[in-house]
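Student: Sequences listed follow chains A and B, in order. For what it's worth, the working numbering labels the leading residue of the first sequence as 1, then goes sequentially. For what it's worth, the working numbering labels the leading residue of the second sequence as 1, then goes sequentially.
Quick caveat, the hints were computed from the structure, so don't treat them as lab data. Hints may contain errors.
Remember, identical chains collapse to one label, so a pair may be satisfied in a single copy or spanning two.
The list that follows gives simulated cross-link-like pairs (lysine-lysine, BS3-like), each with its CA atoms no further than 27 Å apart [as the list claims (entries may be wrong)]: (1) K343 <-> K95; (2) K256 <-> K382; (3) K95 <-> K144; (4) K49 <-> K126; (5) K344 <-> K278; (6) K147 <-> K386; (7) K126 <-> K10; (8) K49 <-> K350; (9) K278 <-> K339; (10) K13 <-> K386; (11) K393 <-> K83; (12) K139 <-> K95; (13) K343 <-> K256; (14) K95 <-> K83; (15) K147 <-> K364; (16) K13 <-> K147; (17) K344 <-> K144; (18) K313 <-> K95; (19) K386 <-> K10; (20) K344 <-> K147; (21) K228 <-> K207; (22) K313 <-> K139.
Note that the structure is predicted; figures quoted are calculated from it, not measured.
The primary structure of each chain is shown beneath.
Protein chains: 2
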Amino acid sequence: MLLLSNLPFKTQKSMPSGSDNRGTGLLLQAGFIRMTLAGAYNYTTLGLKTLRNIENIVREEMDAIGSSEILMTALGARENWEKTERWDTVDILFKLPSAEGREYALNPTHEEVVTPLIGEFIQSYKDLENCSVYQIQNKFRNEKRAKSGLLRGREFLMKDMYSFHRTQEELDAYFEVAHSAYDRVFERLGLSDSTHYTFASGGDFSKYSYEFQTEVGIGEDEIFICTKCDQAHNKEIIDENHFVCAECAHTECEKKIVSEVANIFKLGSRFSDAFGLKYQDADGQTKNIVMGCYGIGISRLMGLIAEKFADEKWLIWPENVAPFWYEIIVIGDHLEVAKTLAKKLESEWKSVLIDDRNTGFGQKAGDADLFGIPNRIILSDKTIEKGGYELKKRTESEGIIVSM
Amino acid sequence: MLLLSNLPFKTQKSMPSGSDNRGTGLLLQAGFIRMTLAGAYNYTTLGLKTLRNIENIVREEMDAIGSSEILMTALGARENWEKTERWDTVDILFKLPSAEGREYALNPTHEEVVTPLIGEFIQSYKDLENCSVYQIQNKFRNEKRAKSGLLRGREFLMKDMYSFHRTQEELDAYFEVAHSAYDRVFERLGLSDSTHYTFASGGDFSKYSYEFQTEVGIGEDEIFICTKCDQAHNKEIIDENHFVCAECAHTECEKKIVSEVANIFKLGSRFSDAFGLKYQDADGQTKNIVMGCYGIGISRLMGLIAEKFADEKWLIWPENVAPFWYEIIVIGDHLEVAKTLAKKLESEWKSVLIDDRNTGFGQKAGDADLFGIPNRIILSDKTIEKGGYELKKRTESEGIIVSM
Numbered sequence: 001m002l003l004l005s006n007l008p009f010k011t012q013k014s015m016p017s018g019s020d021n022r023g024t025g026l027l028l029q030a031g032f033i034r035m036t037l038a039g040a041y042n043y044t045t046l047g048l049k050t051l052r053n054i055e056n057i058v059r060e061e062m063d064a065i066g067s068s069e070i071l072m073t074a075l076g077a078r079e080n081w082e083k084t085e086r087w088d089t090v091d092i093l094f095k096l097p098s099a100e101g102r103e104y105a106l107n108p109t110h111e112e113v114v115t116p117l118i119g120e121f122i123q124s125y126k127d128l129e130n131c132s133v134y135q136i137q138n139k140f141r142n143e144k145r146a147k148s149g150l151l152r153g154r155e156f157l158m159k160d161m162y163s164f165h166r167t168q169e170e171l172d173a174y175f176e177v178a179h180s181a182y183d184r185v186f187e188r189l190g191l192s193d194s195t196h197y198t199f200a201s202g203g204d205f206s207k208y209s210y211e212f213q214t215e216v217g218i219g220e221d222e223i224f225i226c227t228k229c230d231q232a233h234n235k236e237i238i239d240e241n242h243f244v245c246a247e248c249a250h251t252e253c254e255k256k257i258v259s260e261v262a263n264i265f266k267l268g269s270r271f272s273d274a275f276g277l278k279y280q281d282a283d284g285q286t287k288n289i290v291m292g293c294y295g296i297g298i299s300r301l302m303g304l305i306a307e308k309f310a311d312e313k314w315l316i317w318p319e320n321v322a323p324f325w326y327e328i329i330v331i332g333d334h335l336e337v338a339k340t341l342a343k344k345l346e347s348e349w350k351s352v353l354i355d356d357r358n359t360g361f362g363q364k365a366g367d368a369d370l371f372g373i374p375n376r377i378i379l380s381d382k383t384i385e386k387g388g389y390e391l392k393k394r395t396e397s398e399g400i401i402v403s404m
Numbered sequence: 001m002l003l004l005s006n007l008p009f010k011t012q013k014s015m016p017s018g019s020d021n022r023g024t025g026l027l028l029q030a031g032f033i034r035m036t037l038a039g040a041y042n043y044t045t046l047g048l049k050t051l052r053n054i055e056n057i058v059r060e061e062m063d064a065i066g067s068s069e070i071l072m073t074a075l076g077a078r079e080n081w082e083k084t085e086r087w088d089t090v091d092i093l094f095k096l097p098s099a100e101g102r103e104y105a106l107n108p109t110h111e112e113v114v115t116p117l118i119g120e121f122i123q124s125y126k127d128l129e130n131c132s133v134y135q136i137q138n139k140f141r142n143e144k145r146a147k148s149g150l151l152r153g154r155e156f157l158m159k160d161m162y163s164f165h166r167t168q169e170e171l172d173a174y175f176e177v178a179h180s181a182y183d184r185v186f187e188r189l190g191l192s193d194s195t196h197y198t199f200a201s202g203g204d205f206s207k208y209s210y211e212f213q214t215e216v217g218i219g220e221d222e223i224f225i226c227t228k229c230d231q232a233h234n235k236e237i238i239d240e241n242h243f244v245c246a247e248c249a250h251t252e253c254e255k256k257i258v259s260e261v262a263n264i265f266k267l268g269s270r271f272s273d274a275f276g277l278k279y280q281d282a283d284g285q286t287k288n289i290v291m292g293c294y295g296i297g298i299s300r301l302m303g304l305i306a307e308k309f310a311d312e313k314w315l316i317w318p319e320n321v322a323p324f325w326y327e328i329i330v331i332g333d334h335l336e337v338a339k340t341l342a343k344k345l346e347s348e349w350k351s352v353l354i355d356d357r358n359t360g361f362g363q364k365a366g367d368a369d370l371f372g373i374p375n376r377i378i379l380s381d382k383t384i385e386k387g388g389y390e391l392k393k394r395t396e397s398e399g400i401i402v403s404m
């Protein structure tokens, strides 16, 4: 349990300016985040707990498909970015002058790190039977403008996974496994119904790349959904005047404004070739390796979940994501009772925030509204007279009295 | 439990070059880490688990003294570094040119972020009753040379805590609380006996700063320990020809080569003044705020623990730090039995690695030696014949048979 009196952070009466989306605005107002510079946010304690909950859901689903967690460097070697011919072509690449008179990259993505890293460990076809690694780590993009709060950052938290395969068929099979894991992530985050698996323009080695685009009423992307088979298409791959579904050839579609939350790519041998990754097959032949990559924007998801589930006034977190499952508002001299109740709830794996501050009910109830914790408990002389504590879901207007 | 067959990493027969210390060399050989560039290391799965264990011990002890975890940005605003007059004076500060034609700092420490951040939430003396925050986050130093592996990084993991106080007395009191928390960290990491609380040269606002210096046989620092009262002094604050103990005025001392693992500073109002942090006292007067800061090098600790506990050949992790508490080597068709045993051990909160690879005993035993996991279990036809599994501590030469 956490005692709110222990936190130095505060809510604000009104939504601060500085973000063009409501989710980020509400997070600022609730004191979950604060800006260092445009596109780079600090997470206070409640914000960090929320971020970690999203991160852990993603982690569990990547672990479940047998990918191994690692942690790579934010610094990148210029030579490696030159080997892939991306040093001069990736326009959002931060280039960092160093004291030894060189330049490093500040990685916006990690093909240039993971490919030589895994290359050190691969010799034979046996080493590629199940070769997938992921990390959850800060990325950097040298954006000219960064006005969208958590949705478009100069510094942001990503999960990026990379898989290495002997054949296109093995890549294709793993790609579907990863796709299913992503579906489970969005299910657990409460975003299944609003997230569309979308065909987008491909890289060098496949016709399409695949995006997960979420409807939250805002976004930088437009998708076109076939009214017959529901397949979504990014604007960039269709002719708006003559829509033809890439899946079923139907010609009617619905247009939606969406936000990208994840993407998965078949990279083919674009990067493995650049670093000379090969393996020896069972018959002794040297062969190429093909790769897949799979990203999810963790901090971006936090901003979008804030945006999507907020009511007309305040944040409302889904229970899986909320910084705490319960908030107990204590009025009067009942802190010890509150702690006993919190311990009981925690024994059922429900996390608890106790508002034990020396302030009035109005302030506590107002802050609880801003925090958006899904289940609120009030413990006061009045509720104890009525027979226990008052329990109210954040999405309901009336509470019920529950006996201790 | 983790199945070793699932990991794409491998050990190496001999220690690779590229590090001037044995700890980092052994970590490279065991496949726990890999370099991106000098001073920037990737953590593979076993390396990351080790790092996280150290991190969690530090986290628990900071939580235990009521500090609140937050997460700050790696990017820093140049204006803030100019406000503290450190933009031009901190020689290891990375300066990052941005697309908007400005420069950002890549933070090596976070006074320039945390001071204005906390400043937003402080008005009254009540807000300073218990105001301490910490983060566990990557830091960057623009080092001319970086040859010491995990011990001196361009990118490295730190815990940094900052406290804010109304008076020097309150700062002094919290400083001792933090000092005790640090002692508990080093106790749990198995470094108590070899870590010296050392007087070092102060900042602007106190006579000394305080370092935690660990004896592991290597290091960049020299300390002088009073033979009477045991107080350690950094070389920089004494006259080597005329030693006088700063604590008891004794004049005999012992010299040791050590490595710095942590430091704690009283910052006074150096940073709070730079950002105009003030509070209103109970009597309505506006007063200055004083600060303390408290660092621990997490990735550096991993390198030093590797160095300290290794025997003449290989890594040996203390149980609290080890990537796994147990490693089960399975020989023959006993994987299901191994999994049952692992579940039993995990129900006692002991983590388990199972070597289920399709290789011989020699390879498995050799890799287990390299990994340095403190408790090894062998499960084979032979041990089952003898009545169960063989259990051997990494530090012992003979195992014992334990019945299932």
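Student: Look at each hint and say if it fits the structure.
Tutor: Results for each hint:
| no. | hint | result |
| --- | --- | --- |
| 1 | K343 <-> K95 | neither (50 Å within a copy, 48 Å between copies) |
| 2 | K256 <-> K382 | neither (49 Å within a copy, 66 Å between copies) |
| 3 | K95 <-> K144 | both (14 Å within a copy, 17 Å between copies) |
| 4 | K49 <-> K126 | between (40 Å within a copy, 25 Å between copies) |
| 5 | K344 <-> K278 | neither (56 Å within a copy, 41 Å between copies) |
| 6 | K147 <-> K386 | neither (49 Å within a copy, 69 Å between copies) |
| 7 | K126 <-> K10 | between (55 Å within a copy, 13 Å between copies) |
| 8 | K49 <-> K350 | both (14 Å within a copy, 26 Å between copies) |
| 9 | K278 <-> K339 | neither (59 Å within a copy, 34 Å between copies) |
| 10 | K13 <-> K386 | neither (32 Å within a copy, 72 Å between copies) |
| 11 | K393 <-> K83 | neither (55 Å within a copy, 46 Å between copies) |
| 12 | K139 <-> K95 | both (13 Å within a copy, 17 Å between copies) |
| 13 | K343 <-> K256 | neither (46 Å within a copy, 48 Å between copies) |
| 14 | K95 <-> K83 | both (16 Å within a copy, 25 Å between copies) |
| 15 | K147 <-> K364 | neither (32 Å within a copy, 53 Å between copies) |
| 16 | K13 <-> K147 | within (22 Å within a copy, 52 Å between copies) |
| 17 | K344 <-> K144 | neither (50 Å within a copy, 55 Å between copies) |
| 18 | K313 <-> K95 | neither (42 Å within a copy, 41 Å between copies) |
| 19 | K386 <-> K10 | neither (32 Å within a copy, 64 Å between copies) |
| 20 | K344 <-> K147 | neither (43 Å within a copy, 52 Å between copies) |
| 21 | K228 <-> K207 | within (22 Å within a copy, 76 Å between copies) |
| 22 | K313 <-> K139 | neither (32 Å within a copy, 38 Å between copies) |
When held up to the earlier numbered hints, the structure conflicts with 1, 2, 5, 6, 9, 10, 11, 13, 15, 17, 18, 19, 20 and 22 and fits the remainder.
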